[in-house]
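Colleague: Chains as they are written, first to last, in numbering that gives the first Met the number 0: chain X, 0 to 146; chain E, 0 to 146; chain D, 0 to 146; chain G, 0 to 146; chain C, 0 to 146; chain Y, 0 to 146.
Hints listed in this document are in silico derivations from the structure and should not be mistaken for laboratory results. Mixed in with the good hints, there may be bad ones.
Identical copies carry no separate label here, and so any pair may be met within one copy or between two of them.
What the hints assert, rightly or not - Once the Cα atoms are required to be at most 30 angstroms apart in a straight line, the calculated BS3-like pairs of lysine-lysine come out as:
1. Lys58 with Lys37
2. Lys4 with Lys47
3. Lys37 with Lys47
4. Lys37 with Lys57
5. Lys4 with Lys132
6. Lys4 with Lys37
7. Lys57 with Lys39
8. Lys39 with Lys58
9. Lys37 with Lys132
10. Lys58 with Lys47
Predicted model only: the values in this text are computed from it and were never measured.
Protein chains: 6
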Amino acid sequence: MALNKERRIGRHAVLLLLSDESEGELERLRQLDWIGCKGKVGSMEAHKVVAAIETAAKKNGIIQPDLYRESHALYHAIMEALHGVTRGQVQLGSVHRTVGLTFAVLRGNPYENAQEGDWIAVSLYGTIGAPVKGSEHEAIGLGVNHI
Amino acid sequence: MALNKERRIGRHAVLLLLSDESEGELERLRQLDWIGCKGKVGSMEAHKVVAAIETAAKKNGIIQPDLYRESHALYHAIMEALHGVTRGQVQLGSVHRTVGLTFAVLRGNPYENAQEGDWIAVSLYGTIGAPVKGSEHEAIGLGVNHI
Amino acid sequence: MALNKERRIGRHAVLLLLSDESEGELERLRQLDWIGCKGKVGSMEAHKVVAAIETAAKKNGIIQPDLYRESHALYHAIMEALHGVTRGQVQLGSVHRTVGLTFAVLRGNPYENAQEGDWIAVSLYGTIGAPVKGSEHEAIGLGVNHI
Amino acid sequence: MALNKERRIGRHAVLLLLSDESEGELERLRQLDWIGCKGKVGSMEAHKVVAAIETAAKKNGIIQPDLYRESHALYHAIMEALHGVTRGQVQLGSVHRTVGLTFAVLRGNPYENAQEGDWIAVSLYGTIGAPVKGSEHEAIGLGVNHI
Amino acid sequence: MALNKERRIGRHAVLLLLSDESEGELERLRQLDWIGCKGKVGSMEAHKVVAAIETAAKKNGIIQPDLYRESHALYHAIMEALHGVTRGQVQLGSVHRTVGLTFAVLRGNPYENAQEGDWIAVSLYGTIGAPVKGSEHEAIGLGVNHI
Amino acid sequence: MALNKERRIGRHAVLLLLSDESEGELERLRQLDWIGCKGKVGSMEAHKVVAAIETAAKKNGIIQPDLYRESHALYHAIMEALHGVTRGQVQLGSVHRTVGLTFAVLRGNPYENAQEGDWIAVSLYGTIGAPVKGSEHEAIGLGVNHI
Ligand SMILES: [Mg+2]
Ligand SMILES: [Mg+2]
Ligand SMILES: [Mg+2]
Ligand SMILES: [Mg+2]
Ligand SMILES: [Mg+2]
Ligand SMILES: [Mg+2]
Chain X
0 MALNKERRIG RHAVLLLLSD ESEGELERLR QLDWIGCKGK VGSMEAHKVV AAIETAAKKN
60 GIIQPDLYRE SHALYHAIME ALHGVTRGQV QLGSVHRTVG LTFAVLRGNP YENAQEGDWI
120 AVSLYGTIGA PVKGSEHEAI GLGVNHI
Chain E
0 MALNKERRIG RHAVLLLLSD ESEGELERLR QLDWIGCKGK VGSMEAHKVV AAIETAAKKN
60 GIIQPDLYRE SHALYHAIME ALHGVTRGQV QLGSVHRTVG LTFAVLRGNP YENAQEGDWI
120 AVSLYGTIGA PVKGSEHEAI GLGVNHI
Chain D
0 MALNKERRIG RHAVLLLLSD ESEGELERLR QLDWIGCKGK VGSMEAHKVV AAIETAAKKN
60 GIIQPDLYRE SHALYHAIME ALHGVTRGQV QLGSVHRTVG LTFAVLRGNP YENAQEGDWI
120 AVSLYGTIGA PVKGSEHEAI GLGVNHI
Chain G
0 MALNKERRIG RHAVLLLLSD ESEGELERLR QLDWIGCKGK VGSMEAHKVV AAIETAAKKN
60 GIIQPDLYRE SHALYHAIME ALHGVTRGQV QLGSVHRTVG LTFAVLRGNP YENAQEGDWI
120 AVSLYGTIGA PVKGSEHEAI GLGVNHI
Chain C
0 MALNKERRIG RHAVLLLLSD ESEGELERLR QLDWIGCKGK VGSMEAHKVV AAIETAAKKN
60 GIIQPDLYRE SHALYHAIME ALHGVTRGQV QLGSVHRTVG LTFAVLRGNP YENAQEGDWI
120 AVSLYGTIGA PVKGSEHEAI GLGVNHI
Chain Y
0 MALNKERRIG RHAVLLLLSD ESEGELERLR QLDWIGCKGK VGSMEAHKVV AAIETAAKKN
60 GIIQPDLYRE SHALYHAIME ALHGVTRGQV QLGSVHRTVG LTFAVLRGNP YENAQEGDWI
120 AVSLYGTIGA PVKGSEHEAI GLGVNHI
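Let's have the full structure, built from the sequences with the hints guiding it.
Modeller: Set out below in structure tokens:
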């Protein structure tokens, strides 16, 4: 039932996020039978971050757009990742701050046991701060859910 | 006033955390005039995670143990990192879960402007889950503060 | 000082909410000397849910509109009920979700002791999810306050 | 993709909870091909509430004890239900309060589309208050998750 | 329905807290027909802060010990005041920090309208920080509730 | 390393806030080598409260506008003060409430040890409630940070 060391999906989702060479990274992940994507979003509104990730995940075939259980799994993974970025209140512009984020979404089975089925990892990395250039520091978040 | 691309302290703190070759990584960071450390802690009690990181940061000379402003900066960075790991309530055993974490602490100036002085980044990576072997998934957190 | 088994105001507020036959239910509650109402609200904005319940409670004579202590009691009961519906952050559209809710408000004394005076219960039941038909699941909330 | 009106799993989980005649109710739910259980737990420690529900769900065959994805689904449903009961901080004794709860767990597909698969609903109802007999009011919570 | 400028109960509760001459202050408040008390509590456990304030309020006749509605009003006022002190998670030792607090409780009607009846204000002031002498800064909190 | 009794910056920030004679108070604080300011803001949007305090602090030379570390220290102090005012969710209009606040910002060293350097205290006092005149009660908040 343990996590497989080579298949730590959260670690891969974060490395993919921080990699300057994502295409190769995604290719290697495909060899684990995993599927993933990477994108960018900047906003003062958390709902735009959510929507950008959902759209990318659907467009890249990571979740089935007409199965709610898959959107539900993704939504909660996104919300968990946003907790890491926002650290207390999942709010951006309403508390006078903005984000510039790179995101990655990965889908696959990180466990030894094949019956654990697919899981989804959403990783976020970027800057958060005042809506003033340079008045920002880095933030990261990861959400992991069964799908 | 912008973040220096080579000096993104949060990114370095996360890569150091995920690296299998931390000594070389820490050596390279020293060349940026940065100081850092890496350690491990597993617990069902959040306060033990806090204490382990504080102890490591003091023992490795990352913060001055007798200046409260430095402990205060570190404490809030740890708490922010814990938000990423716990995603909602900074609680472990009291909500029936446990963590096994690797942590890294880095201190240095990530900005172009030398007057921005030192900042501190605390990164956490590991597993969170039920107090049952294998019933766990990954989690990550990052806290960044001026010091 | 104990709760009277027949007068569990929260239980009644939830059963009223889920009942297909609310008029009879409200009639029976009137025989306990209680007053209540039931309504519906759908929105992506939490403040509209709050306002809809406040308006219904005033229009139905459940609280006195010109006594702040009564509005205050109701407001906190509504906020507590919203915690059950939102489960973490009292936010809807700002985290890309919407609700379709039925609400009930009940006022009366649920305790054996007449001196406990009036209490207010606000119950919420409905769906929460993405702003896409069918991409939603159920949610419930209950707030109870002295008035 | 819509919720099936007869199969609203959260509503059934709450009615089962509030019913004085649970055996008949569970029997009727079995005819929907659903599986469920009901139990009681009183504690000043949230982790004991979590453990009691997990144990009951495993003992009654509602989740497979050796599949983490099922425990994970249940855990998050329990945590969501606890938000409704605690309304702000998922804490009991640490903020000087205690609960006496009845819980129900239901598993089945509430959607029209068979591909939505199984979902799990955890409902909680009871009292919360000071650790003094009678100094308590009612609380309710519901968590719904795909499994 | 407005707040009476001379009767701002929260302001009085805070000034009483910060005053070096509380006896005179309490005497003047009695002339507004108000009743209050002041005390101290230091702890790493939030529930001990709650219990100390509840005990003082009962012993000083500020609330009626055998009416739950009064304890309920006080409890929520205490919890709200603790939010100001803890600023995010109502936790002390579990996140490796401790408090040394002075508290005040005041009861009276702060509004122009006599029908607004009694309200209760709980104010907290002191230090919060690491369980190390001097590694602490100040914190304040105020909770106001109808009673 | 202890707090200096005469230099309790949070206490001074609150007394300055509640004083009817702020000019004299600020003058006395200048003799401790401290710098401060006082202002007012009313809004249904938390980000306007944040912006008003940031603007006042910059205009009065309390923080250096072009050093991010100083804005960062101030931002977190403001957010902590807002926790005291909002007591649970840092939200105003989105949960149907509004504030009318006086704020003070003070900068100086509250510790015996000169090496502790400057700290910043943000205090907030005013009313919070429904967007209806008189339907409001008092609230207070204090945030303290190293700068
Ligand atoms: Mg999880
Ligand atoms: Mg920050
Ligand atoms: Mg209550
Ligand atoms: Mg959900
Ligand atoms: Mg209030
Ligand atoms: Mg602090």
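Colleague: Look at each hint and say if it fits the structure.
Modeller: Okay, the hints, checked on the actual structure:
1. In the homo-oligomer, the alpha carbons of Lys58 and Lys37 lie at most 30 angstroms apart inside one protomer (11 angstroms), although the nearest pairing across protomers, at 39 angstroms, exceeds that limit.
2. In this homomeric assembly, Lys4 and Lys47 come within 30 angstroms of each other (Cα to Cα) only across copies, at 26 angstroms, whereas the closest approach inside a single copy is 34 angstroms.
3. Proximity of Lys37 to Lys47 under the C-alpha cut-off of 30 angstroms is restricted to the intra-copy arrangement: shortest distance 16 angstroms within a copy versus 34 angstroms between copies.
4. Only within a single protomer do Lys37 and Lys57 lie at most 30 angstroms apart by alpha-carbon distance; the minimum there is 12 angstroms, versus 38 angstroms between protomers.
5. Taking identical chains as interchangeable, the C-alpha atoms of Lys4 and Lys132 lie at most 30 angstroms apart only when they sit on different chains, with a minimum of 14 angstroms there against 40 angstroms within one chain.
6. For a Cα distance limit of 30 angstroms, the shortest separation of Lys4 from Lys37 qualifies both inside one copy, at 23 angstroms, and across copies, at 20 angstroms.
7. In this assembly of identical chains, the alpha carbons of Lys57 and Lys39 lie at most 30 angstroms apart only when taken from the same copy (15 angstroms versus 33 angstroms across copies).
8. For the identical chains of this complex, Lys39 and Lys58 are intra-copy neighbours only, at 14 angstroms inside a copy versus 35 angstroms across copies, given an alpha-carbon limit of 30 angstroms.
9. For the identical chains of this complex, Lys37 and Lys132 are neighbours both inside a copy (24 angstroms) and across copies (27 angstroms), given an alpha-carbon limit of 30 angstroms.
10. Within a single copy, Lys58 and Lys47 get their C-alpha atoms as close as 16 angstroms, which meets the 30 angstroms cut-off; across copies the closest is 33 angstroms, which misses it.
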